[in-house]
Amino acid sequence: MKKFIALAIVCSCAASLFAGEIEIKNIARKNKIGDKKIVSWQLNGNAKNPSYGTCEVIQGSEKDEKAVKIANAKVATAFYYLPGVSAKAGSKVKISADVKGKGTFLAGFYTYTGKVGYFPAVNAEKSVTLTDKFQEVEFEFIVSNGAKGQICETIRPFIKAGANSEVIIEDLEIEIEPAK
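Sequential numbering of the sequence shown, starting at 246, is according to the numbering used here.
It cannot be assumed that every hint is accurate.
Result set (DSSO-like, lysine-lysine): computed pairs, CA atoms no more than 30 Å apart in a straight line [unchecked claim]:
#1 Lys314 to Lys339
#2 Lys371 to Lys293
#3 Lys425 to Lys333
#4 Lys314 to Lys293
#5 Lys282 to Lys339
#6 Lys282 to Lys371
#7 Lys371 to Lys314
#8 Lys277 to Lys319
#9 Lys281 to Lys293
#10 Lys345 to Lys314
#11 Lys275 to Lys293
#12 Lys347 to Lys314
#13 Lys282 to Lys314
#14 Lys378 to Lys277
#15 Lys337 to Lys393
#16 Lys275 to Lys337
#17 Lys347 to Lys308
#18 Lys337 to Lys425
#19 Lys282 to Lys308
#20 Lys378 to Lys339
#21 Lys345 to Lys277
#22 Lys319 to Lys293
#23 Lys339 to Lys277
#24 Lys282 to Lys378
#25 Lys308 to Lys281
Hints listed in this document are in silico derivations from the structure and should not be mistaken for laboratory results.
Given the sequences, and given the hints that come with them, work out the whole structure.
Printed below as a string of structure tokens:
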């Protein structure tokens, strides 16, 4: 069984390959408190557009923990895992994290083919209303092919602050189990 697991906070990546599993641990190790970019994650939008929000690595709730804060002005602001992960229709995706803030936190994945590129995924985004206390969220998805016959080959998991939202994210974990 092949799994992709992104553990910890959301910022850099150290990968190891063993027994068919890919684990990404200690994601914050390459970032410093105050960094304005998340290593290995890409803003889905134009960073120069003032309508998009900002991202910052901040001190987490534990002494040696870092967190990511996404705040935005006018539009929803998403960051996706840039390398992408192999996944086919029927694969299971689980995204969990501890989140707090105001507004809405969303998570999901974008789908891609090798020939056409990005295509809209079906039911590939879920959300939760934020509070001022950390809450553990867990979203589960099943990867599907496109409505126009596109065959999914790769997904890019994402995290997103809804319009006019501010979210703090700790302990992000993404697990992808291949279709059987």
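Going through the hints against the structure:
no., hint, in the structure
1, Lys314 to Lys339, "holds (21 Å)"
2, Lys371 to Lys293, "holds (27 Å)"
3, Lys425 to Lys333, "holds (10 Å)"
4, Lys314 to Lys293, "holds (18 Å)"
5, Lys282 to Lys339, "holds (24 Å)"
6, Lys282 to Lys371, "holds (24 Å)"
7, Lys371 to Lys314, "holds (19 Å)"
8, Lys277 to Lys319, "holds (27 Å)"
9, Lys281 to Lys293, "holds (13 Å)"
10, Lys345 to Lys314, "holds (10 Å)"
11, Lys275 to Lys293, "holds (24 Å)"
12, Lys347 to Lys314, "holds (11 Å)"
13, Lys282 to Lys314, "holds (11 Å)"
14, Lys378 to Lys277, "holds (24 Å)"
15, Lys337 to Lys393, "holds (21 Å)"
16, Lys275 to Lys337, "holds (29 Å)"
17, Lys347 to Lys308, "holds (24 Å)"
18, Lys337 to Lys425, "holds (10 Å)"
19, Lys282 to Lys308, "holds (21 Å)"
20, Lys378 to Lys339, "holds (22 Å)"
21, Lys345 to Lys277, "holds (21 Å)"
22, Lys319 to Lys293, "holds (14 Å)"
23, Lys339 to Lys277, "holds (27 Å)"
24, Lys282 to Lys378, "holds (25 Å)"
25, Lys308 to Lys281, "holds (20 Å)"
In summary, this structure violates none of the numbered hints.
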